[in-house]
Amino acid sequence: MPNKERDDDERERCVTGIDAIDHILNGGIPRGNTVLISGSVGTGKTSICIEFLIRGALDGENSLYLSVTEPTEKLLENVIPFDFFDERLTKQGKLQFIDLPKTYEKLGIDKEDMDFDQTRLLADTIVQVVEDQKIRRLVLDSVTSVCYRIKDQERIRDFLLRLGTELSAKGCTSLLVSEIRSSDEGYSQWGVEEAIADGVIVTGNLERRGDLLRTLQVVKMRGTTHSRAKYVLDLTTSGVLLVPLLKGGSVATGG
Amino acid sequence: MASVSVIADVADKLASLPDSSAVAMRLKSEQYFDTIQGMLDRFARKKDLEVVYVTTTIPSQSIISALEVLEIPMDHIWFVDCISQIMMSQEKRHPHAIIVESPTMLENIMLKVEFVLRKHPGRNALVILDSINSLAIHNNTKILSEFLHILVNNLRSRGAYTVIFSMQEYETEEIRNMLVLVSDETIELGG
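Protein chains in written order, with this note's numbering: chain A, 1 to 255; chain B, 1 to 191.
In isolation and in its complexed conformation, chain A is listed as follows (with noise of 0.2 Å):
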């Protein structure tokens, strides 16, 4: 039986291109992996995603955005202006975009609660384009989104289930962003997206003696060993920054 190490080297990594991510992962995501990024508003959780996207695209492997919570263009622009963002890609067609509202529109889905059939038919379009797109990475911003039109968790677990499995088939590495509250605990709000992801990255605020600091913590990743330790986070034009947290301080609250 294979040990752990030699799982860790057989496994292909989509190696994120942030730096400091694939050093906590040792050397990237597995390769079809399907990871929660969760947090609370305003820690970094679009921006993780974006560059994720942008460095794919960059090296070549087609990458697709699914925006829920707001239209494209809005979302251009505030996200941070990458020094590395080629607008090119998107011309080309290597990073795509899809508002998921116009999506539901096309599928005839107008209801507040989509039903087992409903459910089905999103999680195999999303595939479709995926396969015919030849996506690599996608991010689905946000899943949480998602789940309430879903709302009951049986069939928010047969969607999750759908859509990763069939994602990972085809090799593509998928990110769902997961929107919670600070004082929330788990790190979903139907508690079955973290059952069922093969990864869970958590980002969030930690006050320290009045400062509020950005973190991120990578809680599961399977195919992987990894650190899981909690590391400071800048959003910069470079791209997401990363340093450990350090310990020596006194904590007043966590994060």
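Calculated from the structure, these hints are not laboratory results.
A virtual CB, placed ideally from N, CA and C, is assigned to each residue, including glycine.
This list has only true hints and no planted wrong ones.
Computed from the model, here is a short list of chain A residues facing chain B with C-beta under 8 Å:
id, residue
1, D211
2, V232
3, D234
4, T236
5, S238
6, L241
7, P244
8, L245
9, L246
10, K247
11, G248
Below, computed lysine-lysine pairings styled on BS3-like, alpha-carbon distance capped at 27 Å:
id, chain 1, residue 1, chain 2, residue 2
12, B, K142, A, K247
13, A, K94, B, K119
14, A, K220, A, K247
15, B, K46, B, K13
16, A, K151, A, K111
17, A, K106, A, K170
Computed, partial: chain B to chain A, Cβ under 7 Å:
id, residue
18, T104
19, M105
20, L106
21, E107
22, M110
23, L111
24, F115
25, I143
26, E146
27, F147
We have chain A; now place chain B onto it with these hints.
Then chain B, alone, in the frame of chain A:
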């Protein structure tokens, strides 16, 4: 009036050190601007280094004004200013100054240094920490030692010089121990 001997002394001593050295620079208050001039105008310019100046003592604009008087070009000098924000300084911000909200945000200092270094790949760097005494006012010894240990080792692995200012008048036993722990060399300015 500038002391030519201090300026030359600083530049010569730094030049004699190997790349990636971490240096504790023990100086007196009256040697402050001469030391800066020796490092920036003589040493860094001669070695063509990108300079990251972390100031936790006086606002970056005050140092920049002094550099302008001394006619030291700012092209390759960047400030990580950890003091202007908490002083609620209304001074205009120089395009080469990056603000850290407070000298207690040690991780953010590391992140801003990293940011500047990333902006200039392929160039060797000199990172100046001014000063350990003022950092010690805002941080306890444990977290400050941890910060210095991580920062200095990271810079060493990148081949960058690190110079940590220590004002002799304000040194404590703890500060001296910290400096011994993280630096390869101590330069003590006489006079």
